[in-house]
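Enquirer: Take a look at the letters that make up each chain.
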Amino acid sequence: MSDLLMDAANNLNNESIREWKRAGNRVVGYTCSYVPDELFFAAGILPYRIRGFGATEATIGDTYFGPFICSLPKAMLQLAGEGRYDFLDGAIITPGCDAMRRLDECWRKAGEDIDGIVPKFFFHFGVPHKYADYTLKWFVEEIIRLKTAVEKHFGVTIEQEKLLDAIRLYNRSRDLLDRLDELRTCEAPAVSGTDALAAVLAGTAMPHDEYTKRLDGFIQERKSNAVNYRGRVRLMLVGSASDDVNLVRLIEGDRVVVVADNLCFGSRFQADRVDESGDPIQALARRYLARNDCPRMFGEYESRLTTLMDKAARAGVEGVILQNIRFCDLHGAENGLFERDLEAAGIPCLRIEREYGPLVETGRLKMRVDAFLERIWQRRKAS
Amino acid sequence: MRPETKEYRFDWMLWTMFLAGSRLKNGTEKEYQNTLGYVPYFSGILEALYDTGAPGKAFLECLAKYTENIVFARERGRKTAATSFCFSPAILHAMDIDPICFEVISVMQTFPYKRGSSEFLDFCNEAGFTETSCSSQRGSMGAFLAGMASEIDMIVTDTPGVCDTNANAFAFAATYLKKPFFTLDIPSVLVDGRTDEFQLADFRALIEFLERNTGKKLDEDKLRDVLREMAKQDDMLNELEDLARIVPGPLPGAFNLMIYASRFMFTGMKECTAVIEAMLHVARENAAKGISALSGGVENMRAFFCYIDHYTHNMDFFKYFDERGICYQGNMLSRSWSCDAPHVDAFGTEAAAYEIDTTDLDSMLRSIAAQNSRMPMVKSIRGPYDAPDMWLQDTLSLAKLYSADCVIYNGTPGCRNTWGMVKLLARDTEKAGFPTFIMYGDAFDDRVESWEATKDRLDEFFRVRRLLA
Amino acid sequence: MITAGCDVGSLTSKAVILKDGRILKTAIIKSRPKPADSAVEVMNQALSQAGLSMGDISSCVGTGYGRDRIPFVSDTATEIACHGRGAHWLVPSARTVIDIGGQDCKAIRLDAGGGMLKFTANDKCASGTGRFLEVMARLLGIELSEIGGMSAESKSPITLASACTVWAQADVIQHLNNRVPVADIAAGINNAMAARMAIIVNGIGCERDVVMTGGVAKNAGVVAALEKMLGLRIKRISRSDPQLAGAIGAALIAVDREKGGAA
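Residue numbers (the numbering used here), protein chains in the order written: chain F, 16 to 398; chain U, 660 to 1128; chain P, 261 to 523.
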């Protein structure tokens, strides 16, 4: 993989961002996959997915958040408190889930104690929790409200044509990621799950035009590469947000290849396209609200199960790891249902509750994954 | 769950116990005392309720009626809907649907059961639900998931954007039990024209859902009857809430529980009116005499709970405050008013009050949508805690309105929302001059922190902050 | 054929030497800070009892949390595979295995041939583990081995916060201060432990016969409480010490692997 992509996937303030900022450009961070990146790209602003990656402690996170809260938003706050998000010119908070929603006030209040850690543009973006004509109408209005606020604060105009260009560019990267997926799901995977996650992550942390070029290069490189992961146990990774390639690396070791996922930092990004015809705001609203599937959209379990079953079949998955960050009720509960239904369909599942990031207890996780592999090998032998 | 627990029908047991409980004082005092010995786990709560006099009896009758409705819904050709305490049941009553409020039943169920709700809480985890999820739904949801109770016909809630953990519990139950599911969605701003329009559209969609799943059309006259009864109840509640401002307080602490439990079960129904009427009678009498409702007669201080109270341990929670001469000034569960409440001005957030207008279907739907969106949690924790009309403003206004000497938080470890902001809230209430205490127990599960430990910690707070001598 | 299994756990380390399908010698020691030290010591103990040296062992499988740091093993397997294999050998009718070790607890479902169908493990914290019992016994001023028998003496067990070891300690101290009989507290601890385990076992579906392995299987109070909660009898292991099941399984897997099958 190109160094630039890996750098973007593994470093918050990576080289692309530093270069972008040196040129006097602006960066706006967001916390949830329901925010349309295209809008910012069209404004000449770099949309940046805020992560918790790299936090080594939670002293600041724990000061503002209570104890029974997911460690991902705590890690995000920790990084912000340490000044590691000082390059952000704006931040968008969404009601992705309860804990993520409270990053709003925790971040602002931490900003009262630690100078300069709250970006000047700080926006609460209201995303409905279901898809209907009136929720879509609300969401369109919300995108327009965001657009107006961005234009006013940053003194820019988001022109229709620019927005359509941005939509086309992001769709192009989704097409490329689909091609990458083909290399991952085929019988002799040429791409590891670690690399696949890094490839999607990089797209959330660097200018997208540069990104698509690099991604294309990476795909070409892998196509011509003779190395593959044939014979390894083929797993799918499902559940809570995971922006840490090390988690996938730990799972893969030298005996596994993660051939599919449904992660919000992962392949959910390219699950669909934004309609390139018609009104771009309407098109963005439809894509981001209708098909960007997360358990925050309550009552839609069946469609998510169908998506998983389809992915598992397409990628020849031998087992599914259902993980959730502790206190992530949404993924945690849905994982219980997935386990019931996937096991009934003959797909072995491993359910894991973990802490986020460096807090993961690697020993315990590894033992469970190893035991899961023993179960899968036993099945291979029997069949 | 123990296999033998599954042998007993959950809702039938509750119904028969509350029915018998509500009739216990129909005989002589001696008979009553003798009977208590036969219900060792239920006797504590019975005594606590009967100690309040007529309101306690009316409340027990209310509990019996509620569980009876669940048990016999099918036989009577009615439907049932599992729902949340912060969803106003008025629309369900208007459509001949009996609500099954998970949180209220989680509390009711700790009253007579020896082991409280622990087995039902744990069954949810056995069924695949996360153990970190809120105990308020799990306490009764487990019984329904285990197939120990009457069948639920549909699931209706209104918490996405307010409490996703809550919405998630209902969504899980719907999938697990394969039942139709509808949830109202809640925008983050309360007082806003755009929100009103959204909520009205959402409410119309809800009615379509209810009509589809009951096979009945919404009866405008029936809805009007329910809303008129609700307005009548509101009038009385307004008076009760206003009386609670008097020092010394004329309302016993347990009234808080009885007020909102009745409302969560029977808003707009005559059973709820009876409980409120009985309480109002007692409160008016105490107020006229200028006496405190505390059993010791002396009010040492006033405590306001900014979230919820504690429901296990036979209402020991209310006894605890009573014994120490602390006037328990309720919590956010009962604190939302129609716009004609006498204290709305003093409360300072007039725009957050609702209006009941029964002129036509459209005005009724607007009214019921507005009232529903002012239910506890839905009203004040939908947005950032420090935004207008939200948790901080609500807490400070209420603490001032009720002359509280301190603010106390109690919830459940499953409450992502309040645990995400309670430290910030406590900082601000302290700054505003209210000594503030955060309890780490679980309102529905005494295995998280024992009642003994909780009491010790509360005592320590009152002592260290010099609130009690 | 002589094989060995070495199970380096967080609290204790176990070694088993197996000859032609029979247990030759076994050893259990308290674990040292370094897994390698524990492994060498416990294996030497077993070997010397058997009058053998490491050279006599044709293969040895390591397991337990320290399995990757045992210097002398020919291969490793997870605790889950080893306890499943060991339990099946000890009680061939076993379909559900409950293993409570020092730092976690597991439930394993087996098929008729002893193959692993499914497993689940508690990965929260010390609650519901041997460590939890150890901490509580220390608090009560009794031996770990005594705590199990106390359930039978208790008339009115306390209800304990089962969610957290740290908070449970505070509660136990409070009960001690209130002069609650130690037997009632101990019984409450055993019940809390069993309740925690029951959720995990019911979560994967409990099928007969049920056996318990690991050190906590020797705690009569936990076993009895768990039987009540599951509503069935837990089959006692009589062929060997249940705490050795993991090491026995490891030694059996060593045999399987020598014979060319993967376990």
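Rather than coming from a laboratory, the hints here were simulated on the basis of the structure.
Hints may be right or wrong, so weigh each one.
Pulled a few chain F residues facing chain P out of the computed Cβ check, cut under 8 Å [said to hold, decoys possible]:
{"no.": "1", "residue": "Asp269"}
{"no.": "2", "residue": "Gly378"}
{"no.": "3", "residue": "Arg383"}
{"no.": "4", "residue": "Asp385"}
{"no.": "5", "residue": "Ala386"}
{"no.": "6", "residue": "Arg390"}
{"no.": "7", "residue": "Ile391"}
{"no.": "8", "residue": "Gln393"}
Idealized CB from N, CA, C, for every residue including glycine.
Enquirer: Would you mind marking each hint as holding or not holding in the structure?
Expert: How the hints compare with the structure:
no., hint, verdict
1, Asp269, "violated, 13 Å"
2, Gly378, "holds, 6 Å"
3, Arg383, "holds, 6 Å"
4, Asp385, "holds, 5 Å"
5, Ala386, "holds, 4 Å"
6, Arg390, "holds, 5 Å"
7, Ile391, "violated, 10 Å"
8, Gln393, "holds, 6 Å"
When the structure is compared with the earlier hints, violations turn up for hints 1, 7 and for no others.
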